[in-house]
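S.K.: So you can see what is in the structure, the chains are spelled out below.
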Amino acid sequence: DQQVKQNSPSLSVQEGRISILNCDYTNSMFDYFLWYKKYPAEGPTFLISISSIKDKNEDGRFTVFLNKSAKHLSLHIVPSQPGDSAVYFCAASAKTGANSKLTFGKGITLSVRP
Amino acid sequence: DAGITQSPRYKITETGRQVTLMCHQTWSHSYMFWYRQDLGHGLRLIYYSAAADITDKGEVPDGYVVSRSKTENFPLTLESATRSQTSVYFCASSLAGSLAKNIQYFGAGTRLSVL
Numbered sequence: 019d020q021q022v023k024q025n026s027p028s029l030s031v032q033e034g035r036i037s038i039l040n041c042d043y044t045n046s047m048f049d050y051f052l053w054y055k056k057y058p059a060e061g062p063t064f065l066i067s068i069s070s071i072k073d074k075n076e077d078g079r080f081t082v083f084l085n086k087s088a089k090h091l092s093l094h095i096v097p098s099q100p101g102d103s104a105v106y107f108c109a110a111s112a113k114t115g116a117n118s119k120l121t122f123g124k125g126i127t128l129s130v131r132p
Numbered sequence: 046d047a048g049i050t051q052s053p054r055y056k057i058t059e060t061g062r063q064v065t066l067m068c069h070q071t072w073s074h075s076y077m078f079w080y081r082q083d084l085g086h087g088l089r090l091i092y093y094s095a096a097a098d099i100t101d102k103g104e105v106p107d108g109y110v111v112s113r114s115k116t117e118n119f120p121l122t123l124e125s126a127t128r129s130q131t132s133v134y135f136c137a138s139s140l141a142g143s144l145a146k147n148i149q150y151f152g153a154g155t156r157l158s159v160l
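Chains as they are written, first to last, in the working numbering: chain U, 19 to 132; chain D, 46 to 160.
No lab work stands behind these hints, which were simulated from the structure alone.
Among the hints, a few may not be true.
To be verified - Computed Cβ-Cβ distance ranges for the label pairs, DEER-style:
id, chain 1, residue 1, chain 2, residue 2, range
1, U, 87, D, 57, 47 to 53 Å
2, U, 100, D, 67, 32 to 38 Å
3, U, 87, D, 118, 41 to 47 Å
4, D, 102, U, 127, 48 to 54 Å
5, U, 20, D, 160, 27 to 33 Å
6, U, 28, D, 57, 25 to 31 Å
7, U, 85, D, 158, 26 to 32 Å
8, D, 128, U, 99, 47 to 53 Å
9, U, 88, D, 160, 25 to 31 Å
10, D, 156, U, 38, 27 to 33 Å
11, D, 158, U, 87, 34 to 40 Å
12, D, 129, U, 127, 34 to 40 Å
13, D, 133, U, 79, 26 to 32 Å
Where is the CB? At the ideal position from N, CA and C, for every residue including glycine.
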């Protein structure tokens, strides 16, 4: 049973528009959530995170929203740029700092059209 | 600042052979991890280590062996490679602790093909 779900395998948006990437989780013990970005032939790189005590965290063009009651988070990219084209992984951890394990979703491939 | 490096980047081996993937980090991070990435599965945890000489199984440990004699190295060994172990393998490290917020830093990956 997958605890972190990224149900849409791909997303295509026009340059300059908003990209919204969704993620759902089932484990109510998760208290910290992260987004990673991965380019082909490279390792995933950390993008942005949010603690369960917050409902929003913003970093430049990237904003992550957390809805704990719905067990749902989303990553907004505004404005989208062609360089944002990559695979985005949602990840979650329980008991922050306890053992540092992350559970990853399957990833969403974002394509930003010029 | 080298960060976290994996070697080799590409490896082709045959069924039944033993192969070791290397991972080295220069940050003195306490935690290290091995993942495999497969189409349709995302990133799945194979093994992880909280410190030197402390290792534990992840989600898909069967067929793999790890060791951590030094903090900076975390090799992954496939004792008898099978075709199902063809994958891209990523090593990661984490400082852990509440301030570090469980952020993991990944190497560039090793693409392994078992023929």
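S.K.: So, against the hints stated earlier in the document, which numbers end up violated here?
M.R.: 4, 7, 8, 9, 11, 12
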